[in-house]
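There are 2 protein chains.
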Amino acid sequence: MQKNAITPSREENYPEWYQQVVGQADLAEMSPVRGCMVIKPWGYAIWERIQKILDERLKATGHVNAYFPLLIPLSQLEKEAKHIEGFAKECAVVTHHRLIADGKGGLKPDGELEEPYVIRPTSETIIGTMYSKWVQSYRDLPILINQWANVMRWEMRTRLFLRTSEFLWQEGHTAHANALEAKEETLTILDLYQKFVEDILAMPVIKGEKTESERFPGAVNTYCIEAMMQDGKALQAGTSHFLGQNFAKGYDIQFSDQQGQLQHAWTTSWGVSTRLIGGLIMTHSDDNGLVLPPSIAPYQIVILPIYRQEEEREKVLAFCKMLQEQLQKQLWQDERLRVYIDQRDLQGGEKNWQWIKKGVPLRLEIGPRDLAQNVISFYRRDQEVKTRINLASDEFMAQASDILDEMQVHLFKTAQDFRSQHTQEINSFEEFQAYFQNQKDTLSGFALCYALDTPEIEARLKDLKVSARCIPLGVEHSEGRCIFTGEKTAQKIIFARSY
Amino acid sequence: MQKNAITPSREENYPEWYQQVVGQADLAEMSPVRGCMVIKPWGYAIWERIQKILDERLKATGHVNAYFPLLIPLSQLEKEAKHIEGFAKECAVVTHHRLIADGKGGLKPDGELEEPYVIRPTSETIIGTMYSKWVQSYRDLPILINQWANVMRWEMRTRLFLRTSEFLWQEGHTAHANALEAKEETLTILDLYQKFVEDILAMPVIKGEKTESERFPGAVNTYCIEAMMQDGKALQAGTSHFLGQNFAKGYDIQFSDQQGQLQHAWTTSWGVSTRLIGGLIMTHSDDNGLVLPPSIAPYQIVILPIYRQEEEREKVLAFCKMLQEQLQKQLWQDERLRVYIDQRDLQGGEKNWQWIKKGVPLRLEIGPRDLAQNVISFYRRDQEVKTRINLASDEFMAQASDILDEMQVHLFKTAQDFRSQHTQEINSFEEFQAYFQNQKDTLSGFALCYALDTPEIEARLKDLKVSARCIPLGVEHSEGRCIFTGEKTAQKIIFARSY
Chain H
1 MQKNAITPSR EENYPEWYQQ VVGQADLAEM SPVRGCMVIK PWGYAIWERI QKILDERLKA
61 TGHVNAYFPL LIPLSQLEKE AKHIEGFAKE CAVVTHHRLI ADGKGGLKPD GELEEPYVIR
121 PTSETIIGTM YSKWVQSYRD LPILINQWAN VMRWEMRTRL FLRTSEFLWQ EGHTAHANAL
181 EAKEETLTIL DLYQKFVEDI LAMPVIKGEK TESERFPGAV NTYCIEAMMQ DGKALQAGTS
241 HFLGQNFAKG YDIQFSDQQG QLQHAWTTSW GVSTRLIGGL IMTHSDDNGL VLPPSIAPYQ
301 IVILPIYRQE EEREKVLAFC KMLQEQLQKQ LWQDERLRVY IDQRDLQGGE KNWQWIKKGV
361 PLRLEIGPRD LAQNVISFYR RDQEVKTRIN LASDEFMAQA SDILDEMQVH LFKTAQDFRS
421 QHTQEINSFE EFQAYFQNQK DTLSGFALCY ALDTPEIEAR LKDLKVSARC IPLGVEHSEG
481 RCIFTGEKTA QKIIFARSY
Chain D
1001 MQKNAITPSR EENYPEWYQQ VVGQADLAEM SPVRGCMVIK PWGYAIWERI QKILDERLKA
1061 TGHVNAYFPL LIPLSQLEKE AKHIEGFAKE CAVVTHHRLI ADGKGGLKPD GELEEPYVIR
1121 PTSETIIGTM YSKWVQSYRD LPILINQWAN VMRWEMRTRL FLRTSEFLWQ EGHTAHANAL
1181 EAKEETLTIL DLYQKFVEDI LAMPVIKGEK TESERFPGAV NTYCIEAMMQ DGKALQAGTS
1241 HFLGQNFAKG YDIQFSDQQG QLQHAWTTSW GVSTRLIGGL IMTHSDDNGL VLPPSIAPYQ
1301 IVILPIYRQE EEREKVLAFC KMLQEQLQKQ LWQDERLRVY IDQRDLQGGE KNWQWIKKGV
1361 PLRLEIGPRD LAQNVISFYR RDQEVKTRIN LASDEFMAQA SDILDEMQVH LFKTAQDFRS
1421 QHTQEINSFE EFQAYFQNQK DTLSGFALCY ALDTPEIEAR LKDLKVSARC IPLGVEHSEG
1481 RCIFTGEKTA QKIIFARSY
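These protein sequence lines map, in sequence, to chains H and D. So in our numbering, spot 211 of the first sequence is number 211, and the numbers just go up one at a time. So in our numbering, spot 211 of the second sequence is number 1211, and the numbers just go up one at a time.
Hints in this document: simulated from the structure, not taken from any laboratory. Fair warning: there could be bad hints in the mix.
[As the list claims (entries may be wrong)] Cross-link-like lysine to aspartate or glutamate pairs, in silico, EDC-like; alpha carbons within 20 Å at most:
(1) D:Lys1351 x H:Asp334
(2) H:Lys413 x H:Asp382
(3) D:Lys1249 x D:Asp1102
(4) H:Lys413 x H:Glu395
(5) D:Lys1108 x H:Glu78
(6) D:Lys1052 x H:Glu335
(7) H:Lys89 x D:Asp1102
(8) H:Lys492 x H:Asp405
(9) D:Lys1059 x D:Asp1394
(10) D:Lys1052 x H:Glu48
(11) D:Lys1108 x H:Glu425
(12) D:Lys1052 x H:Asp334
(13) H:Lys133 x D:Glu1029
[Stated by the list, open to error] Heads up, incomplete: computed chain H residues facing chain D, CB under 10 Å, no partners named:
(14) Trp42
(15) Leu452
(16) Thr454
(17) Ile457
(18) Ala459
(19) Leu461
[What the hints assert, rightly or not] Coverage of chain H stretches by chain D, computed from C-beta distances (three or more under 8 Å per stretch; other residues unrestricted):
(20) 198-207
(21) 254-263
All C-beta atoms in this analysis are idealised placements derived from N, C-alpha and C, irrespective of residue type, glycine included.
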């Protein structure tokens, strides 16, 4: 094991390894606020990359951004019964609007509100209320609005990025004049999410529909993209909901159609969150720390100048700056390369290890000897830590983009292979039990089975800590028998443990 | 008066004119949540432009973004006495973490928290708490972090963009190893704000220091940029605070210096908010609605195709698209031109007025006749609504950037002239009273006077509804006498009514 590696390793203790990777990459840490994290600059820079690219893609498909209030009046929240049922247990409630002296040298809440407010756990309710004012005629439809915001769900068991009381996300909320268009929107977004997560985060995902018990509260259909982590568990990486007319009825979103008839609109909602960063970490990172695909890395290349005397320093730094300028002129995936020179006065090995743990794709070590020989020595984060590659300076320049391409593809392929190796077709309940009970010896992953979609079946799986992840889309099966009930079905479901 | 103009006009009723401009440009509206607004797509697009440009400039000066929790534990808030005093009266307080049935078919708060939380009115306290963990040695300094976030101050009298309970902003929080560096940071940011607001929003501002009674709770010095609106009132457009060691002491941000001595850090904080949009509106808009400077306009050019028959339609649209493509290739102020074709099936005059009210700098009307003659007919938003300009197509292409330059400069110059015309040197308290009591006949604006900076003086001005806006920076005066006390002073203060 590397002297500077993460302890424990993935094999030794996966959850603790995850915490260590996050901490040593300086991505985030827990705050004094229950269940809420601080996203530190390196972690936030990853979120900014996600925001930038996803935002461009959402705008290219006709969506615009807007901003709705953080607080939701209790009376608004109550209008969609299933929805409120789903969120009531985990709402932060605002009841007062000022603080006064408590007579003991401290402060206490004062100015009780006539009606309490809830901090948005999601915004269907407040946005539905506004849409009902904005929509009169079919001409006002579709509305294709997205919001980048913080939301809050009072979670009891929290983990950095994966499950926190407050998190950052985007939530799209659209309204349409007919069911078909709304369904198309739901699936268009699902495709957009898949492409984004696979192309940019290099995380292979399966598109599917959620079973009834995993559906979003108030939705008609919930679609999702599910990824596999390196411990075989599933991570829901994004969801897209077809809400039918449920929210339009609850919030009175009505329009007169081309025939002058009053109709309820058809709505959708969809979102991805800072949870994606958790998935990204667990998909690619290794026992040395974070590994970032070049498309999402805040810096793709870090240059580490190496020198002893002051005289060397100037020459080396001048060369590094020239190198940085030349690289930054290169376009890769329609953006300028992101290159950073680490000039801190730190011991070289320490610096190197900091960037390994931060997951930067390419590390360039530039010393006087490299200058003299006009050679670039570099390390790829997807290879062994000590595998040093030397290329003539102009060769490196010519190949930099190709190397990044190769890394992006390699990381995706590795994750895809891992998923294939840990996905198993399962034909009986006995086999199913054995597959998931075996966890400690061999890694269980996704179980693909003929199965019916009923809450009763899923209730039976709680002991195994397994849940239905999704009914994969676009896969045709001949008929088989449900492994739980023996009934005939042509439907397969993916089951797994999950985050 | 134009048939479609805003009623009332600025002269008739300035506050109501403002509301109408905001509403008719579709920028924002009030929500069912007390004092909170919905920022609609056109308004949010302006905020996104502000974010993009300001963010680039903050990063170029070495700042990085991060994200801290929305909630602040009451006990953390209490640690800086003056600070909490300043915000206690307007805090949204979270006291419960779930909802249960109230037995009357509704819901009520449940799960009382051991310690209440406050929704951040600003984040010095929670960020200070984190910095105390992060800072050990002088090597950990400076910390130059910015956050884009929502904040909440429970306001009793609210106005769209200018004063809302929830608003969006950026808040910078930096920590330094010595006072000098922290002071420099405070003023560097003040300069950055001035340049941004003047260059991009075309709003002339005066840099100054706040008097004691207008200082940020807990700050040693508060600096600001003050703008003048078209009703002569001042608008504080941004602030930058030198916090000295006050927060470092309250939150225990200590480091060992190069000599190994333990010291408290020196901190700063600074912010601008969605309030800037209110200032932007009130600086440039006219009796026809919003006027946007080209640098901040989400679209700089809107193309309105005009046709009668289907056959014309195709030709006209093809030409418009070609025009759009060519224009979008042009760089202006280092960015591609932003050009939109409005293809909606709406009557031409109505479309045209919508874009007038949305403040788009250039409107191009393209019909079959223009095509035939290869002429571009356009209107500038900073000129009379009916002033149509015709240019040969290639001439327009060659001149588009110059026209935008000219508009940007023209809007700034007009605002600057307005401010000059409504700024008066005042030499006695009688003159001062007359200046501000005269409001109804002649517009009063900024009064520049020799004055001491004491809370007692400012208390005397409350009847006039006037306050000290700032002590302008970088202006040398000979000595004079305070117009309120007669005492000798070399200090001049700007007084005004304000938002």
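In ascending order, which of the hints set out earlier in this document are inconsistent with the structure? 1, 3, 4, 8, 9, 11, 15, 16, 17, 18, 19, 20 and 21
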